[in-house]
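Q: The task is simple: from the sequences and hints, build the whole structure.
Chains A and B are the protein sequences, given in the same order.
Numbers 0 to 313, taken from numbering that gives the first Met the number 0, label the letters of the first sequence in order.
Numbers 0 to 313, taken from numbering that gives the first Met the number 0, label the letters of the second sequence in order.
Among the clues, some could well be false.
Each pair may be met inside one copy or between any two copies, as identical chains are not told apart.
Said to hold, decoys possible - Here are the simulated lysine-lysine pairs, DSS-like style, with alpha carbons at most 27 Å apart:
(1) K304 - K117
(2) K197 - K99
(3) K304 - K197
(4) K117 - K206
(5) K99 - K117
(6) K99 - K206
Calculated from the structure, these hints are not laboratory results.
There are 2 protein chains.
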Amino acid sequence: MSPSHLSAAVLISEVGPRDGLQSVARTMPSADKRRWISALHAAGLREIEVGSFVPPDLLPQLADTAELVAHALTLPGLTVMALVPNLRGAEAALAAGVHKITVPVSASAAHSLANVRKTREQMLDEVRRIVALRDERAPQTTVEVGISTAFGCTLQGLVPEDEVIRLAEQLVQAGVDETGLSDTTGHANPAQVRRLFKRLFGAVGAKAGAAHMHNTRGLGLANCLAAHEAGVTTFDASLGGLGGCPYAPGASGNVVTEDLVFMFEAMGVATGVDLAALIAAREPLKAGLPGEPIYGMTPEAGLPKGFVQGAAHV
Amino acid sequence: MSPSHLSAAVLISEVGPRDGLQSVARTMPSADKRRWISALHAAGLREIEVGSFVPPDLLPQLADTAELVAHALTLPGLTVMALVPNLRGAEAALAAGVHKITVPVSASAAHSLANVRKTREQMLDEVRRIVALRDERAPQTTVEVGISTAFGCTLQGLVPEDEVIRLAEQLVQAGVDETGLSDTTGHANPAQVRRLFKRLFGAVGAKAGAAHMHNTRGLGLANCLAAHEAGVTTFDASLGGLGGCPYAPGASGNVVTEDLVFMFEAMGVATGVDLAALIAAREPLKAGLPGEPIYGMTPEAGLPKGFVQGAAHV
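A: Okay, here's the thing in structure tokens:
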């Protein structure tokens, strides 16, 4: 039996349409994206990051985000989420009617400067402005911050844990509804994940958010397990580990949704996701990006003989 | 900080030369195998399964096992281990002077019959004969049993946990020094791993042995983490995940030694293995099996900036 304090249910937050597609050079046709998002929803996913509100010349692959938001808003029970890097993106996201916006803020000073040309303090100010805009225009919208490079950084190496927690506290003080930790560069190890999330819960309580793990060094699912043990209930993942070429340094290497769902379901932790339908959701992805490398062990190996979702696996 | 009751040091048992090579159709030249075993030892590995004592016509890839034992016995501080499936293999292994023999016994009745054409009770009798032979001829030799299909079976599906534990108890009563659990088919999930190893420790105490996990569905390292949390201190792994094509149903899919060592070292759990030297140990493997697929994320991604073995990673 898993320890009784561990959550019996988790939310899988599907980031493939944003984090995955952002890492793929070519653009997936919008019609295939809509089919894909519908298939993800049909499989039971209830939070999907459908895109990012950035200027189309910067990320042409995600230029259709507003249109995808409109499509996703028709799917019952789905939390429609989009990434916004700044106030301008937030304006567009709120105008499009998203349920939730997610703002990445770097814990690493070096990464913050390199990535968005702002210090962490300047990003905090930006977040305050985003929160104020939300309060004014769309008060029902959730504002989440994913703290990137929370476990280490390719530029500066170690990221002091005190600074990660301090940043989380400041973000909550700034009015953010939820703050999660992202292992942007695949540096995290399970002991560190457990430790940092426990500190995060201690610091911000119920506003502790998602674990966004990468499989850069093969520790993606072990890190998700550790986060789960620390009390995390939301896990970011990407169908087929899309966009993450694990062998390219600095590439995204997202945790594979199919393998993550299998792990939880096999453990008796409810995800609300039907694995067979989830695997079928690869079809529109493959149709829209023919030949794109897609990762994941469970779809290739098949489900174990005798595996029944929802049954206790003893 | 990891919970104080978790082991601060683990033993990585390298099974590539046996479990890996057994799954590769062609034969690696003996000279390259010797260089490879030496390189594994030089990297700090202190238990290596150098081969298997089976008739050469059955497994020509491992026909040089006695010669490899002789070579490995020259390496200081190394526990030289070999697999034996039956009494005849045990005779040869003891004559060769191994430190440790490992006998696979299936927990699944169906797998036992299909794999060795013996019932589990008949295999228990064989183990008793092996123990008696060891007592008589080489009393200093350790006899380990790896209970295969301990977490599930491709033939029969579920394997009742009570039967796994009962088998472990019977093996210890039969005189076996150590009994571990092997996820032969990649069915295991972390909750099950934790539960079964806790029961194993409860049943056989200090004679609880290694976790032999497969990465068939991507859960290899998460399952190792769960086993570690349950108190396991020995972990089987294969350099480069050799021989395990994760995409072929039923293929071995061994946990990758490099990624496992990285996980533990990053967590501050000592393995005694130098990661850089371990990655260098791929060279004789590649020389002996040119073009053979080799897996593992850590060697491809490189070590994280700022990663220092032996330092606390806070």
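Q: Taking the hints in turn, state whether each one holds.
A: Verification of the supplied hints:
no., hint, result
1, K304 - K117, "between (52 Å within a copy, 22 Å between copies)"
2, K197 - K99, "within (25 Å within a copy, 42 Å between copies)"
3, K304 - K197, "between (36 Å within a copy, 24 Å between copies)"
4, K117 - K206, "within (25 Å within a copy, 57 Å between copies)"
5, K99 - K117, "within (23 Å within a copy, 59 Å between copies)"
6, K99 - K206, "within (14 Å within a copy, 52 Å between copies)"
Of the numbered hints stated above, none is contradicted by the structure.
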